[in-house]
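Trainee: As a plain string of letters, each chain reads:
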Amino acid sequence: MASIHLDNLHKVYAGGVQAVTGVSLDIKDGEMIVLVGPSGCGKSTLLRMVAGLETITSGTLKIGDRVVNNLEPAERDIAMVFQNYALYPHMTVFNNLAYGLKNRKFPSNEITRRVTEAAKMLEIDAFLDRKPRQLSGGQRQRVAMGRALVREPAAFLFDEPLSNLDAKLRVQMRVEIKQLQRRLGTTSLYVTHDQLEALTLADRLVVLNGGVIEQVGTPMEVYNKPASLFVAGFIGSPAMNMIPVEYLQAQGATLPEILPDETDLVGIRPDELSLNPPSDASLSVKGTLMLLEPAGAESHLYIHLEGSDQPIVMRVSGVPQMQEGQAIQMYTSVAALHPFNKASGRRTG
Amino acid sequence: MQTKRTTFSNRWLPYALLAPQVIVTLVFFIWPASQALIQSVYRQGDAFGVRPPTFVGWRNFETLLAEPQYLGSLKATFIFALGTTILSMGVALLFAVMVNRMIRSRDAYTTFMVWPYAVAPAIAGVLWWFIFNPNIGILPYVLEGIGYDWNHRASSTDAMLLIIIAAAWKQISYNFLFFLAGLQSIPHSLIEAAAIDGAGRMKRFWTIVFPLLSPVTFFLMVVNIVYAMFDTFGVIHATTEGGPSQATNILVYKVFRDGFVNLNTGSSAAQSVILMAIVIVLTVIQFRYIERRVNY
Ligand SMILES: Nc1ncnc2c1ncn2[C@@H]1O[C@H](COP(=O)(O)OP(=O)(O)OP(=O)(O)O)[C@@H](O)[C@H]1O
Ligand SMILES: [Mg+2]
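Protein chains in written order, with our numbering: chain X, 1 to 349; chain A, 1 to 296.
Among these hints, one or two may not hold up.
To be verified - Dumping the calculated PhoX-like pairs for lysine-lysine here, alpha-carbon to alpha-carbon at most 25 angstroms:
(1) Lys102/X / Lys75/A
(2) Lys28/X / Lys178/X
(3) Lys203/A / Lys131/X
(4) Lys225/X / Lys28/X
(5) Lys105/X / Lys75/A
(6) Lys168/X / Lys178/X
(7) Lys62/X / Lys28/X
Unchecked claim - Simulated coverage check for chain A against chain X, where a stretch passes if three residues somewhere in it have a Cβ under 8 angstroms from a Cβ of chain X:
(8) 148 to 161
(9) 207 to 215
No lab work stands behind these hints: they were computed from the structure.
Quantities reported herein were computed from a predicted structural model and do not represent experimental measurements.
From the three backbone atoms N, C-alpha and C, an ideal C-beta is built for every residue, glycine too.
Please work from the sequences and hints to get the whole structure.
Mentor: If you want it as structure tokens, here you go:
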């Protein structure tokens with residue numbers, strides 16, 4: 001159990017690719033941090049730097065009180081769950097779990113005790129004699145988890161551990177990982193590009209873009225107060241609508257005074273738009289319904305705004321009785337507006 | 001399974017297309033093989049036709065297996081095949097591991113490593129004959145410097161070493177390519193997982209990499225044994241010619257000497273039949289186990 005401190009970490013690959021730039025982050029003991037961002041943003045690189053599988057170009061990495069920049073992966077007291085599970089195909093499940101303990105010269109009764117305990121916890125005790133290829137994807141995933149937790153390491157590192165599972169299993173394993181992490185209280189760093197996974201698992205979320213941290217915060221902080229246009233667009237589905245202030249003014253909408261001066265773009269979440277005026281101060285926009293997309297319990301309305309080429313999306317519950325092509329009047333509460341500055345890409349207030 | 005069916009306009013065309021392959025097989029394989037089978041149960045006649053060949057049944061085999069020279073040859077073959085296989089596979093694996101660890105010059109090294117395979121066995125033999133020549137060779141000169149008196153014309157150990165080195169050298173390329181491909185097919189994340197699991201470099205190699213290479217290793221083992229037993233005629237003919245005093249007279253070479261030099265066709269044919277049986281067994285082993293994938 002330990003805290004992890006990343007101080008101004010940089011990674012430049014041999015070819016000159018700048019994969020991670022100036023990342024600083026303090027991970028508290030027992031905290032579950034989720035690194036999220038689009039493909040190629042440097043999530044895996046950062047995780048692998050913590051694991052010791054990539055060298056650190058510059059900056060300081062501390063696990064607990066130790067600077068571990070130059071330590072081998074084995075000496076860092078971490079365990080990692082790989083995207084492809086990386087189970088040893090020629091070993092039984094038991095030996096897969098025991099391998100790390102054997103290498104560390106644990107006595108054999110202790111190895112058996114730990115492996116059995118972990119296997120029971122993950123409900124893989126029936127498969128201990130099987131080889132990995134005789135297991136289903138979900139079972140392999142559990143074995144990979146088991147291999148990480150028998151070692152009782154200071155920290156768990158996960159690199160998209162659920163991305164090879166089908167949707168249903170992914171949700172189930174997500175819940176189990178969360179419960180397990182809570183129960184064991186082990187500091188965890190979890191990489192994913194799935195924002196739902198990120199929002200549900202994280203104690204704190206780190207949004208990464210192009211090797212740089214865009215925002216750090218609890219899932220609700222990040223969702224309710226995205227710090228940049230990038231975060232606003234990345235977190236939340238369907239993505240937040242962005243409407244230029246100029247456009248709203250040209251349409252004769254009265255913008256609230258509280259918006260900071262440099263605001264030239266306002267963001268509105270699809271579920272903050274409604275067909276009826278809210279009770280508090282509101283803003284209204286007119287458009288035509290282009291497409292009605294039922295999605296089970298809710299529907300997505302794609303609405304064309306006069307004189308704007310970007311459609312906006314609105315989320316309503318149920319399936320409204322509406323015709324495509326019909327004119328629509330939408331309302332949103334002023335308090336729900338997210339003000340941004342287009343040039344800097346940052347939130348203004 | 002429905003396979004694609006091709007229709008030929010002329011009904012003789014498919015037979016014509018198959019003919020070259022069939023003729024080559026018949027003339028160079030089936031015919032000599034059946035001749036050997038027949039001759040192995042006959043005692044040859046004399047060169048003047050005074051005494052015709054006589055049927056002797058198993059007699060040729062019985063004589064052969066009682067002959068100390070044949071048993072000696074069997075032992076030499078065993079040592080030679082084992083030595084060649086271990087040496088060529090060991091060196092090839094070492095090279096493959098080293099090249100696999102390179103990042104930039106990997107392709108260049110691979111190309112160089114493959115060259116020896118293109119050298120004809122007889123030429124390779126002559127090359128080694130020069131290098132090891134007790135009078136003019138460079139190696140005996142060097143060995144003398146460290147106090148070893150190399151002479152493969154007098155010492156049977158030296159002779160055996162010479163043919164093992166010469167035969168293994170050529171096979172290293174082939175083994176290297178297979179080992180390299182095998183190494184590259186092992187997911188890197190396995191090695192990384194083992195590193196996190198506290199296994200050092202050597203430990204990782206012996207507990208993860210080597211077991212995962214076992215299908216390749218097994219395949220190469222069979223191929224190398226077959227090579228050493230049957231495909232090294234040129235090497236031996238160009239270097240030791242089976243000597244000194246039969247020390248390197250391996251089975252294949254003995255067939256040739258007894259048949260064509262000593263003109264004992266009955267015994268030579270019986271030896272060929274035994275070799276044929278060995279090939280068949282090795283081939284069966286290879287197909288049986290390679291198909292089934294070893295170990296995992
Ligand atoms: N070994 C390497 N050598 C050179 N460049 C690399 C190497 N590994 C990754 N990169 C580059 O570094 C950047 C970050 O890669 P990284 O694998 O960390 O992305 P990621 O966020 O994990 O993406 P994904 O979600 O697709 O897994 C990418 O531009 C990638 O091309
Ligand atoms: Mg990745």
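Trainee: All the hints need checking, so say for each whether the structure fits it.
Mentor: The hints, checked one at a time:
1. Our distance criterion of 25 angstroms between C-alpha atoms is broken by Lys102/X and Lys75/A, whose separation comes to about 43 angstroms.
2. At roughly 17 angstroms between alpha-carbon atoms, Lys28/X and Lys178/X fall within 25 angstroms of each other, so this suggested pair holds.
3. Proposed proximity of Lys203/A and Lys131/X is supported: the alpha carbons are some 21 angstroms apart, at most 25 angstroms.
4. The suggested pairing of Lys225/X with Lys28/X holds, with an alpha-carbon distance near 22 angstroms, which does not exceed 25 angstroms.
5. Using a Cα cut-off of 25 angstroms, the hinted pair Lys105/X and Lys75/A is violated, with the two alpha carbons roughly 44 angstroms apart.
6. Straight-line distance between C-alpha atoms of Lys168/X and Lys178/X comes to about 16 angstroms, which keeps the hinted pair within the 25 angstroms bound.
7. For the given pair, Lys62/X sits about 12 angstroms from Lys28/X by alpha-carbon distance, which is consistent with the 25 angstroms threshold.
8. With a threshold of 8 angstroms between beta carbons, the proposed coverage of the segment 148 to 161 of chain A by chain X is violated, since 0 of its residues qualify and at least three are required.
9. Three residues within the 8 angstroms Cβ limit are the bar, and the segment 207 to 215 of chain A against chain X gives 5, so the coverage statement holds.
Consistency with the previously given hints fails for numbers 1, 5, 8, ordered from lowest to highest.
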